[in-house]
Structures are given as C-alpha cells and as structure tokens.
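Given the coordinates of chain A, work out where chains B and C should sit on it, guided by the hints.
Those protein sequence lines, which keep their order, are chains A, B and C. For reference, each letter of the first sequence is one residue, going 1 to 528 in this note's numbering. For reference, each letter of the second sequence is one residue, going 529 to 820 in this note's numbering. For reference, each letter of the third sequence is one residue, going 821 to 1087 in this note's numbering.
To be clear, the hints were calculated from the coordinates, so they are not data collected in a lab. Glycine is no exception: its CB is placed at the ideal position from the N, C-alpha and C atoms. Treat the hints with care, as some may be off.
[Unchecked claim] A few chain C residues facing chain A, derived, Cβ under 7 Å:
(1) Ala-834
(2) Ala-921
(3) Val-932
(4) Asp-992
(5) Ser-1002
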Amino acid sequence: MRARAMIPGFVLAAAVTCAASAPLAAQEENALGRDVYDRWCASCHGYEGLGDGYAATWMLPRPRDFTQALYQIRTTASGQLPTDDDIMRVINEGMPGTTMPGWEEELSLEERLALVDYLKSFSRFFAAGEAPEPLTFSSPTRATEEALADGREVYELIECNRCHGIDGRGDGTSSPTLVDDSGMPTYSADLTENWYFNGGGTVEDIYQRLRTGLDGTPMPSFTDLIDAGVITDEQLWNLAHYVRSFAPEDPPGITEVIRAGLVEDAPLPEGVDDPLWESAEAFYIPMGGQIIESPRWFVPQVAGLWVRALHDGGELAVHVSWSDHSESPDTAWAGFQAQVLAAVGPDEGDMEPGPRPDGLYLQFPMEIPEGMDKPYFLLGDPLEPVYLWHWESTADGAQEADARGLGTMAPQGDASQSLVSEAAFSAGRWAVMFRRVLENEDPGDLQFRIGEPVPVGFAAWDGDNGETGTRGSISSWHYIFLQEPTPATVVVAPLIATLLTAGLGVLVVARAQRREREGAEGADEGDA
Amino acid sequence: MRDLFGCGRAMVMAAAAVFAIACGGGGGGEAGGGMEEEAAGEEMASPVDMATAGGINAMVMFEGMAPEMDAIDMASEPNCAARYTDAPMTEEVVVGDGGGLANVFVYVREGLDAGMSFPTPGGAVVMDQVGCRYVPRVVGVQAGQDLTFRNSDGLPHNINASPSENRGFNISQPVNMDTNRSFPLAEVMVPVRCDVHGWMSAYVGVLDHPFHGVTDMAGGADLGMLPPGDYVVEAWHERYGTQTASVTVTTGETAMVSFSFSEAMAANAVVPMGEPIDPHGPGAHALAPATH
Amino acid sequence: MNTKPWKHPLGQAAIVVVLAYVLFEWGIWLLPPLFGVASAPVPATVVLQYMGTVVVGVLIWVSDSEERWKQFKAPIHRVMVDPRQKVLRTALMVTIPLLVAFMTFDRVRPTVSAPAALRSVHPAPPGQIDFRGETMVLNGLENPLRHEGDLEEHYEEGKRIYVQNCMPCHGDALDGQGHFASAFNPAPLSFQDPGTIVQLTESFVFWRIAKGGPGLPREATPWDSAMPAWEDLLTAEEIWQVTIYLYEQTGWEPRTWEEEGAEGEEH
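Bound-form chain A, shown alone (with noise of 0.2 Å):
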C-alpha cells in the first residue's frame, strides 16, 4: 500500500530532476567519461544514467540511478554525497553481491577518474561544487574475546537481529517488508558470507559502512548514537569484530571435488544436528541462477551451498545447508514473494505470487560413468537420465526421483523409495541430511563405489523468493569421492625413506670422517 503510494511520488521526482537538471555542458567537455559509460555502462545504468538500461529490469537491486546521487558506499555522513574517491572504490572494486563488477583491470586510470567526474555530471547535486566532507575514522581496534562479547552485546542492544537474525543470516523479523529506495524489495545482507558485503568484508569495511550506513537501502547509519552518548566509538569497532566474526577467516574455495569422509569408530550421524558432522569436511558449491531454459530466474537467493559427506563403507550420507531468509511457505513473506514476481517475472513470463516450498536436489548419473560421458548437467536428457534425491520444505522427508531433461523430475514408485532424510531450519539456515546405503538392489538407482568419483550436481530453490520449477538456483557437474581406508603405504613408504637416508648420510660422513683422520694421521707419519 505504501509502495504503491510511493512509487509513482518518485517516478515523478525523477522525471522532474532529469528534466530540470542534466548539466550538459559539463559532459559535453568530458568526451573521455561519456565515451566509456556509454560504451560499458549504460548498458545497465542507461543513457541518462537514469538506472533503466537495458537490462536494469532483470536485476534485483536496481541498477543505480546516478541523477539521484544517492551512493551506498561512501565515507561520507548519512545522506551527503559521496567523495570522489568513494565512487572511485566503487568502479575499481564492484558491489559483490550485485551484478556491479569491479572496473580496475578493465578501465585505465584516466578512463575511471574521467567515469568518476561523468557519472557526478548526471546530478544536480555534484553541481554546487562543494567538496563532501568525509567522516573521521578512528582506528581498528583488536579482535579480542573481550571485543567479541561487547561486539554481541551492542549487536542485541541495537538489535541488528531485527534485519540480519540472531545468527547474521538475514532472517530477521523486519527482513520481509525491506524495500530500497527505488521501491523494490531488498534482502538484509547474509553476515556469513562477507564476500558479498557490497562495501567490503573487511571489519574496517564494516565499520565504516556502519559510521556511513548503506544510503538509498534501509541500513541506517549509527553515528548519530555515538554523538548522543548511546554506545561509545570503541564500542561500534567491537561490534564491526562481531559482524565480522559471523564469516569464515578467508572465503571459500571452489572445489571440484567432495570428498566422503570414511568413517570407521564411530556409527554414521543419524540426523542433521549429530555432531560428527562439525568434524567432517566443508565444501562450498556456489550457484547460478538456470538461466538456460525458458522461464529463466536471473535473482536467485541460495547463492551456494555447504556440503559434507561420510561414508562407513555401508552407507552413505550426505548433509547440505544454506542460508535462507525464511522456511517457505511462510505468510509473512507472501508480499515480498509478490513484490520480487512482479519486479523480474514479466520479462519470462508472468507468474503469479502463491505459496511454494523450499527445496533442494542432489543429482547423480544413472551409474557411475565409464569414460568421460555424463548425462546433460541440466537434469539430463531423453537419451542420458539422471538420478535424484530429491527434498521439498513441505513434504515428509526426501525421495528418489529420476528425470530426463528440466521440467520431467519424477518420484521414483513407492517400492524404490530407500533414502532416508532429516531437515531442520534454524535461524536463516536450512540442514537437510540425506542417508543411502551405498549400493542396493533397485536397478533404477545408482549404486556408489569406493575410491571411484561420483558425478553430483545442485539445484537449490526459495520458495518465498518466488523460485519454483525452472526458476531456482543450479550448479554444473562436481564429483563426490568415497574415501579408501588409508593405504599401509601412507605409513610405511615415508619411514623406509626417511631411515634410507638417514643410514645413508651417517654413512657417508662416517666414511669422509674416517678418511679425513687416517689422511691427518698419514701426514703426521709423513712429518715424522
């Protein structure tokens, strides 16, 4: 009600600031800056640096709308304009998160500072001169235990819970009516996963954009609180520790390969909370959206899945977890869903709002392949089908399904139903464990082997983002590989070599030694 209130206020706005105000002397003078955003930028951010290019309506945030100067990041109070170095960062480094990549090996220095000085051109704003004023920023203080506890007490006493969750994954309870700006609906930012900070993952990052806030998006800035006295300076450092803290030290690798943890003291976990799993290996398998067949998604918000794997030599399990802002269906979310469909859905088709489950598939090839053939990556084809454990939000445990190609997923019979599954959602994050025994009797299914890559693929969905069928998250071929039981050779081969050469070394020094007096006690007979 309120957005379609504002909505078109701000329609207005702009159309009256472009009007009134494109300075077009001042880009007439810069050939250079108007050469480079038209030729890379307006693709997106559009001729009048407006924000409407071509291809701002498959995006979600917005392109920005430069005639607006309104820059999230930047060293700058609440609301100012940015410095020219600010909007300097962001060409050279990009907004990770968002389709803004980093211009710095792309553009040369005098391409981006003529960018800076254009993109400054398309607002009334830049045009009084004045240079903005950047905050002072004190410096970092230390991560210490002490800081981290302060860091958690400021986080609940300001309650950043209300947008990010009590475990920084964005689910907080405010998170479902976020709206930027622009109008359009934004996620609070997943604190796990600092690589995709907009400004920066680093804690000076952090703090910064707290000083600062995230201008244009509904992150507030928390200076006003240290000028009245609420927390102290220190206190916003030990907090940027704490947010920080929430992400692993370095952000994670790709790999190619899982590998399936053997297990052999100890039984298999029986569910997703067993706490064999926090020692089992962690790996990190990004997503895309399927933009490969009709209707496609280009906004899809499981951006990477963590998967373990263990094995005991009987069976195998396999636990995979996610953030996620909420356990779809869940109603609280049902204007957001209808928000995000009707911000990205008409340009693939129209799809109304509805409720729809969370869900998530781990495919596999029929058998494990000979050479290097392996079904289409995309839920194989009619020629080559796939095998899939497949598990929705609202159904009662996961299933054995076979498809050939996307769209023609189907549940295996009754009868060749043999996984096992556990899910739980807690604060902002999906588990979901799926068990098999490694090889059975069903024909249709793939029967694992040790020691031998299993080809695994993802797919992964969020209901009440609107993703559904085709519109979900999806990964290309990994491999998932049974760890052997440790050869002896491990142990031995190492030993033996070590021994060899230290035998051969005290030998060959023995032996120069040796020479070495009976030469000294030669030349002193010699002498004699």
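Same frame as chain A, now just chains B and C:
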C-alpha cells in the same frame, strides 16, 4: 546539514529582525500540524504586517463512506502490539466523526510577493514515534527549521527520509532519544519510513514560508495570517493526491477554503513526492478556476 | 679463503639450480603475459624433468675440471668432517631425512581429484547446421549484417541482447567473470582473451551461440557446458548482432575465411 545552514539562517534572522522593527509588526503565522516546541525568546518577527493581514482556514471533507483500513500486523513487535486494546489500523485514510479528512497537508502554493522571505522559526517541529506509529503522521516545517525525531517507544526504530530536492538520511534510534535534522530546500512531500517496522510511514512538507497546516480530525487547518492578495492553496493527501483552490485574503477577514476528497480519486491519483515549491509564483489570477 | 659465493663453484651451482627452478615454476607462467603473450603454469612432472636436466648439466660442468671439482667438493667435505661444523652437520643430518620423509608422504598420500577430462575448447565446426528448420552452410559464411543496415544499430542491438542474456555468465566486461560464472564448470569464456573469438570466424561464433553446450561434439563434453542453445530464444539476426557486439566491444577482428584458407593450405 543543520550546521551548514546555521550561518545563513542567522543572516535571515537578523534581516528579519530589522524588518520587523521597521514595520512594527509582530507575531508569527506558523500553524504547523506538528507539536511545536517553542524556543522561548527566540521568536522572530514575520514580514507580514499584522495590521493589514487576513487569515486562511482550510476545511477538508471526505465524501462518501470512508474506506476500511487494514489492521496493522504488529506481531513482529509485541511491545508495540501490547499498547493497543483494539488492533491498530493503518492511518492512510483517517476520517473524523464529522466527515473531516485528517492528515491533509494544506499550504500556500503560489501568490506570495517575490520580495518576501520569512525567518526560520526557532522552535522545532516534533515527530514522535509512539506505539510504532509516527505522531503526527504528516507535518509541515519551514526550510531550515529543526525537525526533531523522537523515539518514545524505547525500542529500535530507524528514520529513513527520502527527499528529492534535499539530501536524505537514514539514522538509527535504538533507544529513547531525540535526533534533529532539517531540510534546507522547499519540497512537497518528503516520505519518511521506518524499515524496522514496515508499516510505519510519515510525510514531511517543507516550505520556505509559514503558511501551511495539517488537517485535524475535523478536517480543519489554520494556514496563519497573510498579506491581502490572491493565493493558490493546495491540499495534499497521501492516497488521493492533490487539489488546488484559489483564495483571496482581505484585511481582517479569515478566508475559508474547502476541499473534498472521495475514495474514487484513489484510482487515478498522482501523489507528488519531492516536488519543488516556489511560492512566489503568479498567484490565483494566473490559474484556471479552482478544481474540486 | 673467503671467496664470494658467486665465485665459488658450489655457490654458482646452487644459484643456477635455484634460478632454473624459479624460471620453470613461475617464470614461464608469469613472464610472457607481461608482454601480452598467453601462458600457463608448467605441470609439476615437467618441472621435475627440467630440473633433473639442469642438475645433470651442472654436475658435468663442475666435474669438467679437476680444480673446479675439488673446489666444489671442499665446502661439502668440510661440513662432514670439521669439528667446528658439528652443529650444522647434525642439523643437516636431521632435516634432510625429514624433508625426504615429507616428500615421500606427499607422493604416496591418497589424493582426490576429478577424473581428467580432456576437453576440446574449439572443436571443429560442422560444415552446415540446421537453424530453426533451415540449413545454414557455415563454410565461407560471413556475418551478413556487416554489409546490411547500419552497423551502429546492430552494435547497439547486440549490446541489448548481450546484457539481457549473456552478461550474467560472460560478464559486463566480456571477461567471463559474470556474477553466475563461479557456478559453472567449464568456466564461461572470456571474449577479451586472445585465445577465443579472435581465433574464430564469425560463422563459428554463430554456430556456438546457436547450438550452445548441447550442440557441442563429444570431444568438447557437451554434457558439462552451461551455454544455452540460443536458437530457441534468439533469431538469426539477433545472433549476428550480438556477434558484432562481441567483436566491436573487445576490439578484436574476426578471423576471415581467407586466413582460414591460408592456414588450411599449410596443413
């Protein structure tokens, strides 16, 4: 932002003081809908000669049955929900018992003498956050005037203002506190929202003169005392858009200007946001007959 | 006698071996790109082979002259027998076997890697394709839009098609670094790379766009590629337009059929 314009304001004030002494006038025409916090001793004189001035009173009525408002789901904020015995309703359309339409921003849009400038009121307009609602929901301020955002809820709010002519801001208020901001340029209106509580929205009208008001439950608003002349008055509503009327002010009289809105207007309403306002426009004679 | 290390045969031998290693391990990989020539890391087994050759060469050189051989051996000998070098001697006798142990462990420990997939990046195109029910002969086929209509307009239309369809994987900068790129293996092609479209005729590019991953021959592992078959979504004109955009935007010139023919004769 406030500091930036503090200097200019002081100059305006000084000039206004000189003008006031010369004219021997006094008394402000401020009639904002918000709670005024008068700063004692800082009251500045207006360039309006009270001896010849006349008033404008607006009356905004709602025709037909008032649309039923949705209940606000405050489940995500139990502390606020607990303050209401009946479910709180959306305040997009508030109609009084007598049929008056409240929360309409009524202001002089055109007709002020080009040479006229008005001192920035010293007092701040307060927009409070009570029970997870903005009180009042619609306020008018003069450009440069302090607007105090107050958190009386003691729970986290953020104040996200998205003007078009002015620069916006988005600030956090996690506890009971006041934060002052001001807008240096006139624009109608500035939307304000709280992202923590998606249902909370408010509107600020910014003008560089004091002749504006926000209708009460009876639909009435007092626009203050103006020099005699022809004016264009506009009424702005967040759902039904705007209407204008011309009005003639004569010495010692209070001109009545009335507007009427109905639900049918919602369908095609254009609701201006961030429209720059120059009140020194041509005045009523240049305008087509008043629209209703 | 305290000679400078680089004047002593042992020092010289050590320097040559270290320099050779640095060159094989990083130089071959990182230096040519500085001059705009593409390169790649040298496989470990090849490095080992090269290093073996270098070591043999060095040994031949030091043993070539009796005098040099003596000089070469002297410091080694001293470490083995000199009572004052006892600390160094003991340290070496512990660390060398440990190093050998670690290297052995590294070789025998079970490692997991994906099965090697030998994949042809630029497979030979078919002579003709079926495009939306019509036969298109690729041999000798030029981009018809180069002589038809306004090139600027084709470029602009190609730009629109590119950002709406190709950009999520191939990237705004046409560098294969789109925001979905990391999800797909093989990675989306970088058109900026001198090894891609500059080596190809426009008809080849048309074929790859029209038929996508599923239309690849077996040696190019069609089941792995996430490249859609665009003939389902784009018209022939649109594919030619986006082809123009790829070349104009990167500044590369497409390979012509004359070049193709010339090379063919050489074979």
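Worksheet item: Can you name, in rising order, the numbers of the hints this structure does not satisfy?
Response: Hint 1 is the one this structure does not satisfy, whereas the remaining hints hold.
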